[in-house]
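Fit the two chains together into the complex; they arrive one by one in their own frames, and the hints show the way.
Respectively, the protein sequence lines represent chains D and H. Just so we're aligned, residue 108 is where the first sequence starts under my numbering, counting upward by one. Just so we're aligned, residue 399 is where the second sequence starts under my numbering, counting upward by one.
Mixed in with the good hints there might be a few duds.
Using 25 angstroms as the maximum straight-line C-alpha spacing, the simulated DMTMM-like pairs for lysine to aspartate or glutamate come out as follows [stated by the list, open to error]: (1) H/Lys-480 with H/Glu-426; (2) D/Lys-129 with H/Asp-423; (3) H/Lys-480 with D/Glu-141; (4) H/Lys-540 with D/Glu-164; (5) H/Lys-480 with D/Glu-114; (6) D/Lys-129 with D/Glu-114; (7) D/Lys-165 with D/Asp-125; (8) D/Lys-129 with H/Asp-483; (9) D/Lys-144 with H/Glu-452; (10) D/Lys-144 with D/Glu-161; (11) D/Lys-174 with D/Asp-125; (12) D/Lys-165 with H/Asp-483; (13) D/Lys-109 with D/Asp-125; (14) D/Lys-144 with D/Asp-168; (15) D/Lys-129 with D/Asp-179; (16) D/Lys-165 with D/Asp-146; (17) D/Lys-144 with H/Asp-483; (18) D/Lys-109 with H/Asp-483; (19) D/Lys-174 with D/Asp-143; (20) D/Lys-129 with D/Asp-168; (21) H/Lys-429 with D/Asp-143; (22) H/Lys-540 with D/Asp-125; (23) D/Lys-129 with H/Glu-408; (24) H/Lys-480 with D/Asp-125; (25) H/Lys-428 with D/Asp-125; (26) D/Lys-174 with D/Asp-128; (27) H/Lys-540 with D/Asp-143; (28) D/Lys-144 with D/Asp-125; (29) H/Lys-428 with D/Asp-128; (30) H/Lys-540 with D/Glu-161; (31) D/Lys-109 with D/Glu-141; (32) D/Lys-169 with D/Asp-146; (33) D/Lys-109 with H/Glu-408; (34) H/Lys-480 with H/Glu-528; (35) D/Lys-109 with D/Asp-179; (36) H/Lys-540 with D/Asp-146; (37) D/Lys-144 with H/Glu-408; (38) D/Lys-129 with H/Glu-528; (39) H/Lys-480 with D/Asp-146.
If you are wondering where the hints come from, they were derived from the structure by calculation, not from laboratory data.
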Amino acid sequence: MKNRIRELRARHRLSQADLADKLNVSRQTVNAIENDKYDPNLTIAFHLSFLFGEPVEKIFDKAEFLKSIGQDSLDEP
Amino acid sequence: MTQQDKKNSEWPYGSLLIMGFFGVDSPEGKKLSIRSLLTVLLFIAGFIGAHLFESAFLIYISVVLMPISILLIIYSYVVYVKSLDTLERLIQLTAFAASYGVVLVIAVSIYAFNLVNCCPLPVVLVLLAEPIRGICLYFTSKSYA
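Extracted from the complex, chain H is given alone in its bound form (with noise of 0.2 angstroms):
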């Protein structure tokens, strides 16, 4: 292997980790990582405005944005793993698999903690599926260099 193909096997691994996605060097990347800026922006809009604003119609309006930057990143990340080739496509899902039953037990833990009023877990916590998701990624990747 040469230095240059050797240099060529690395994964994005900083973008793997942080963005979540293999970086902004496609045109797809690029997309991808404008959206979810501005996803990120909604979700800020839409929290700040809910404590914010003192009318319900504004508040209403604030609190339904939230929802809809979450959409956004729904479908830009559609449009994204479908612009991979099948081996990146094969990393991200995996990814979204782990990140996926990382949600699912956070959500059961939250209700089943609840149900018992024993140390009531923040709903917050499933925010954690994006790190997890990020950690999956790098070493998914890491496994095919």
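So that you can see chain D by itself, here it is in the shape it has in the complex (with noise of 0.2 angstroms):
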């Protein structure tokens, strides 16, 4: 899912390194969530909301996810 951690990281002036301790996962796993090639779970999600003061769906593309499950918006069962 795309995310804007990587421009949340800079802003928070943390190498990746740096990210991975906090949230206890390896820098590989920063990485991958980064570019989109791994879907965190909720712990790290909750984590990084925490960590950049953003609600998980501001962090995470919310359009990306509903389209990946067939809905335009949330409203809609």
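Next comes the structure, spelled out in structure tokens:
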């Protein structure tokens, strides 16, 4: 899933290694998430939200997620 | 991506291919490497003992050492996999699934070939599961780089 982690990480002046330490994951995992190759679990997503002070849906691309489940918006079941 | 970040994106391919895990940088990796070495030593001791001793009791003890060494590595890997983050765990489990499949294919092949008495296959072929796991680790991790 597309996300703004690289941008937010740069804004907070964190390297991938710094962020990996804070999230308690490997540097390669941070890299895979940033490059849209791996979707993190809830724990990592909420941890990122806490670290960057942004809601999860503003870090990860909600529109892309909705498209992947065949929905235009969350209001429609 | 900075140069440092580019370097960070690389998985430890050498360790994955040769040792079958993410290296000895983490304390869990160190423990696994020590336990792997112990497993190999126990297995070799059992193998040599089974061929060297003449006493039936000592041969029996030596033979039992070999499966016990495998139990040790199973325990070590369970502890290790639990210590990994979700992506590393996914990569390891994908490789384990592939090697498990290889062991099944080889076991069935050994049984089938022996059944028809045509070119019997050596049981030692199941050891191919390890290099196949290493190769699978390499390619799976590469897909997440």
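Hint by hint, here is what the structure shows:
1. Annotation: proposed proximity of H/Lys-480 to H/Glu-426 holds, straight-line Cα distance about 10 angstroms (limit 25 angstroms).
2. Taken as a hint, the D/Lys-129 and H/Asp-423 pair is honoured in the structure, with Cα atoms around 17 angstroms apart against an allowance of 25 angstroms.
3. About 24 angstroms separates the Cα atoms of H/Lys-480 and D/Glu-141, which keeps this hinted pair within 25 angstroms; it holds.
4. This hinted pair does not check out: H/Lys-540 and D/Glu-164 have alpha carbons roughly 28 angstroms apart, beyond 25 angstroms.
5. Taking the CA atoms of H/Lys-480 and D/Glu-114, the gap is near 31 angstroms; set against the 25 angstroms cutoff, the hint is violated.
6. Our distance criterion of 25 angstroms between C-alpha atoms is met by D/Lys-129 and D/Glu-114, whose separation comes to about 17 angstroms.
7. Straight-line distance between C-alpha atoms of D/Lys-165 and D/Asp-125 comes to about 21 angstroms, which keeps the hinted pair within the 25 angstroms bound.
8. For the hint linking D/Lys-129 to H/Asp-483, the alpha-carbon distance of about 13 angstroms falls within 25 angstroms, and the restraint holds.
9. Distance hint between D/Lys-144 and H/Glu-452 is unfulfilled; the C-alpha atoms sit about 58 angstroms from each other, more than 25 angstroms.
10. Note on D/Lys-144 and D/Glu-161: the hinted pairing holds, with a Cα-Cα distance of about 22 angstroms set against a maximum of 25 angstroms.
11. A distance of roughly 32 angstroms separates the Cα atoms of D/Lys-174 and D/Asp-125; the hinted pair therefore is violated under the 25 angstroms criterion.
12. At roughly 24 angstroms between alpha-carbon atoms, D/Lys-165 and H/Asp-483 fall within 25 angstroms of each other, so this suggested pair holds.
13. For the hint linking D/Lys-109 to D/Asp-125, the alpha-carbon distance of about 21 angstroms falls within 25 angstroms, and the restraint holds.
14. The suggested pairing of D/Lys-144 with D/Asp-168 holds, with an alpha-carbon distance near 14 angstroms, which does not exceed 25 angstroms.
15. About 34 angstroms separates the Cα atoms of D/Lys-129 and D/Asp-179, which puts this hinted pair outside 25 angstroms; it is violated.
16. Taking the CA atoms of D/Lys-165 and D/Asp-146, the gap is about 15 angstroms. The hint holds against a cut of 25 angstroms.
17. Taking the CA atoms of D/Lys-144 and H/Asp-483, the gap is near 15 angstroms; set against the 25 angstroms cutoff, the hint holds.
18. Taken as a hint, the D/Lys-109 and H/Asp-483 pair is honoured in the structure, with Cα atoms around 21 angstroms apart against an allowance of 25 angstroms.
19. At roughly 16 angstroms between alpha-carbon atoms, D/Lys-174 and D/Asp-143 fall within 25 angstroms of each other, so this suggested pair holds.
20. Taken as a hint, the D/Lys-129 and D/Asp-168 pair is honoured in the structure, with Cα atoms around 22 angstroms apart against an allowance of 25 angstroms.
21. Taking the CA atoms of H/Lys-429 and D/Asp-143, the gap is near 32 angstroms; set against the 25 angstroms cutoff, the hint is violated.
22. The suggested pairing of H/Lys-540 with D/Asp-125 holds, with an alpha-carbon distance near 22 angstroms, which does not exceed 25 angstroms.
23. Proximity of D/Lys-129 to H/Glu-408 is assessed by CA-CA distance (about 19 angstroms); at most 25 angstroms being required, the pair is judged to hold.
24. Between H/Lys-480 and D/Asp-125, the direct Cα distance comes to roughly 23 angstroms. Compliance with the 25 angstroms bound is thereby established for this hinted pair.
25. Proposed proximity of H/Lys-428 and D/Asp-125 is supported: the alpha carbons are some 22 angstroms apart, at most 25 angstroms.
26. For the hint pairing D/Lys-174 with D/Asp-128, the CA-to-CA distance comes to about 32 angstroms; that exceeds 25 angstroms, so the pair is violated.
27. Distance check on the hinted pair: H/Lys-540 and D/Asp-143 sit about 14 angstroms apart at the alpha-carbon level, within 25 angstroms; holds.
28. Of the supplied pair hints, the one linking D/Lys-144 and D/Asp-125 holds, its CA atoms being roughly 20 angstroms apart against a limit of 25 angstroms.
29. About 19 angstroms separates the Cα atoms of H/Lys-428 and D/Asp-128, which keeps this hinted pair within 25 angstroms; it holds.
30. Between H/Lys-540 and D/Glu-161 the CA atoms are separated by roughly 31 angstroms; this puts the pair beyond 25 angstroms, and the hint is violated.
31. Taken as a hint, the D/Lys-109 and D/Glu-141 pair is honoured in the structure, with Cα atoms around 8 angstroms apart against an allowance of 25 angstroms.
32. Using a Cα cut-off of 25 angstroms, the hinted pair D/Lys-169 and D/Asp-146 holds, with the two alpha carbons roughly 13 angstroms apart.
33. For a cut-off of 25 angstroms, the pair hint linking D/Lys-109 to H/Glu-408 stands: about 21 angstroms separates their Cα positions.
34. Using a Cα cut-off of 25 angstroms, the hinted pair H/Lys-480 and H/Glu-528 holds, with the two alpha carbons roughly 20 angstroms apart.
35. Taking the CA atoms of D/Lys-109 and D/Asp-179, the gap is about 17 angstroms. The hint holds against a cut of 25 angstroms.
36. Restraint check for H/Lys-540 and D/Asp-146: the C-alpha separation of about 16 angstroms stays at or below 25 angstroms, so the hint holds.
37. In summary, the hint linking D/Lys-144 to H/Glu-408 is supported, as the alpha carbons are separated by about 14 angstroms, within the 25 angstroms threshold.
38. Only pairs whose Cα atoms come within 25 angstroms are accepted, and D/Lys-129 paired with H/Glu-528 is rejected, the gap being roughly 34 angstroms.
39. Simply put, H/Lys-480 and D/Asp-146 have alpha-carbon atoms about 19 angstroms apart, close enough for the 25 angstroms limit, and the pair holds.
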